[in-house]
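Undergrad: On the provided structure of chain R, position chain H as indicated by the hints.
Line by line, the protein sequences are chains R and H. Residues in the first sequence are numbered consecutively from 32, following the working numbering. Residues in the second sequence are numbered consecutively from 32, following the working numbering.
There may be inaccurate statements among the hints.
Since copy identity is lost for identical chains, a pair holds within one copy or between any two.
Here are the simulated EDC-like cross-link-like pairs (lysine to aspartate or glutamate), alpha carbons at most 16 angstroms apart as the crow flies [said to hold, decoys possible]: (1) Lys210 with Asp93; (2) Lys102 with Glu92; (3) Lys100 with Glu87; (4) Lys102 with Asp120; (5) Lys326 with Glu298; (6) Lys268 with Glu298; (7) Lys293 with Glu261; (8) Lys270 with Glu206.
Keep in mind that the hints were calculated from the coordinates and are not lab data.
Number of protein chains: 2
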Amino acid sequence: MGGDYAPENVVAGALDALRESGGRFTVLLVGQRERVQQELDRYSPRHGCTIVDAREVVTMEDAPNAALKTKRDSSITVGVSLHRDGKADAFVSAGNTGAVMSASTLILGRLAGIARPTIGALLPTERTPCLLVDAGANVDSRPRHLFEFSVMGSVYVSSMLGNGNPRVGLLSIGEEDSKGNEASLEALRLLRESKLNFVGNVEGRDVLRGKVDVAVCDGFVGNILLKFGESIPAFLKAKFSAYAKKSFLNTLVMVIARRGRKAVLSELDYQEHGGVPLLGVSGVSIIGHGRSTPKAIKNMIFRAEEMVTRRVNASIEEAILNYA
Amino acid sequence: MGGDYAPENVVAGALDALRESGGRFTVLLVGQRERVQQELDRYSPRHGCTIVDAREVVTMEDAPNAALKTKRDSSITVGVSLHRDGKADAFVSAGNTGAVMSASTLILGRLAGIARPTIGALLPTERTPCLLVDAGANVDSRPRHLFEFSVMGSVYVSSMLGNGNPRVGLLSIGEEDSKGNEASLEALRLLRESKLNFVGNVEGRDVLRGKVDVAVCDGFVGNILLKFGESIPAFLKAKFSAYAKKSFLNTLVMVIARRGRKAVLSELDYQEHGGVPLLGVSGVSIIGHGRSTPKAIKNMIFRAEEMVTRRVNASIEEAILNYA
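Pulled out of the complex, with its shape left as it was, chain R reads as follows (with noise of 0.2 angstroms):
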């Protein structure tokens, strides 16, 4: 029942996941049984997918944690705990992002060693993307924080994107060692210490450039970022099309370059790339936005079976310890 466009979208995704998967997983779909198996009703081939009643909503506006404790019926408190149960192997929502981080960690728990989940994005940049983290779990990070959020960002993208030694950066306002404020100058301390493979501070400009492969922030920063990140596909539409309005040739220009234009923003609109997840809890959960087209759910549920495959929760708990 998560997303602005459930449960339609939610079930088209799944049942798109499903019919690619090639039987490989099975689909619960969580939420009002009724309005759930109208809206499958609506296709054809359905199997692989199991209703599971849950009568509340959690919506947007709801503040995070009292949802949890009022709403009990939710899909997502619901759907979280079949995961914890393990009637289900991963959690996927496009629901209030609070709200199902609250009950990611207090319902699954954290794993060894972490003391803040977080979330990681990834963003594209000149080279190979970039994930950023944290993208909006905490704010007022601490220093060890900071340093958990690098070891789960160092391990995901290797488990995920097979790249097996990325470079770590902490975002900051120079290079030099000397930059940064209270927090990130003692977390840069810890990662100088580490087994990580860390380049140092890094700059705002060098996310794009795709200078590292591991952004660190405190999910202030990150989610702030990450948001003005989201904008600038619409920003430059607009700023297009003013131009194409300014006369008849600059139409046509802008008319032939459509396709062109169309591809590369695209590239940034990494709602579409299919949610992110909430590492450090124990188990697999996986967050959309509230707009989550079937295509991004249907990204979300694999992004969710490899995280699972790929056994990413067993490898951050070794790097926690060994990496410190």
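TA: Using the frame of chain R, we list chain H on its own:
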């Protein structure tokens, strides 16, 4: 002597400004006399320029505070001192940002009611430009500092862009009043109680959308955001060029649309627009990018002139008393 292309770009920009100004002001070029003179000799006419000798040069690698102590005869120290002594009405530099900030703050002093001077950077948006404060002068800003940035930003936009009632937003991780970190939550309270046209929390995506005229944050966040934004044109150029290489048709289309692409991307190239003001010091100090072009230097000089004639500092001192 400041910047990667000094003194050549500085001299060229100063002469361009003088040419366009129609004698409204004169320029003191501060630096090693023979090097500046040599550069000046390449141009004609060159009246309106006076060289003030300063033997030392603060490099981009110098630590700001150390440079002030050890290089007392640098162009930065001498230039700012001329301003303090009333021999210049404003100071403009493309040199070491930290050194210009320190020299300006220590030599000029702060405005009444201001604890922390701030850097304001104008970003393009879908509508009118948005001033990002603090763009990097401070880290670990306290709530009162965020309030001061808001007042200074509001006055700057109102005085310089003629927007009588600028909308001020506090950058955060969600629009609700409950969202933020420790400092931003307390700043939100101060701003809600103030007489500013405060719209509340805004998110990273709201900046380019043009939702506010002033976006307020700690300098750690602002600097990372600013530099991330600065890197977008190069990123897009790389992506468009990769797209063009995919086929002959793509190449053709991209060549045809080149001018439009350049026009739009140049809007994002805010280096060109000419430096950022250090607000809150008792004087006018404009800091340019190390790679400042002659055009950027020229624009910095015009911006400095405007800050003087529009009496921005008097308005800040008045506002900080009245808006609280």
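Undergrad: Compare the structure with each hint and give your call.
TA: Hint-by-hint comparison with the structure:
1. Lys210 with Asp93: Between copies, since 13 angstroms is at most 16 angstroms while 39 angstroms is not.
2. Lys102 with Glu92: within (13 angstroms within a copy, 57 angstroms between copies)
3. Lys100 with Glu87: For lysine 100 and glutamate 87, the Cα distance is within 16 angstroms only inside one copy (12 angstroms; across copies 66 angstroms).
4. Lys102 with Asp120: neither (23 angstroms within a copy, 64 angstroms between copies)
5. Lys326 with Glu298: So lysine 326 and glutamate 298 pass the 16 angstroms test inside one copy only (15 angstroms; across, 33 angstroms).
6. Lys268 with Glu298: Classified as both: same-chain Cα gap 14 angstroms, cross-chain 13 angstroms, threshold 16 angstroms.
7. Lys293 with Glu261: This pair counts as within: shortest intra-copy Cα distance 15 angstroms, inter-copy 21 angstroms.
8. Lys270 with Glu206: neither (33 angstroms within a copy, 26 angstroms between copies)
Consistency note: the structure conflicts with the earlier hints numbered 4 and 8.
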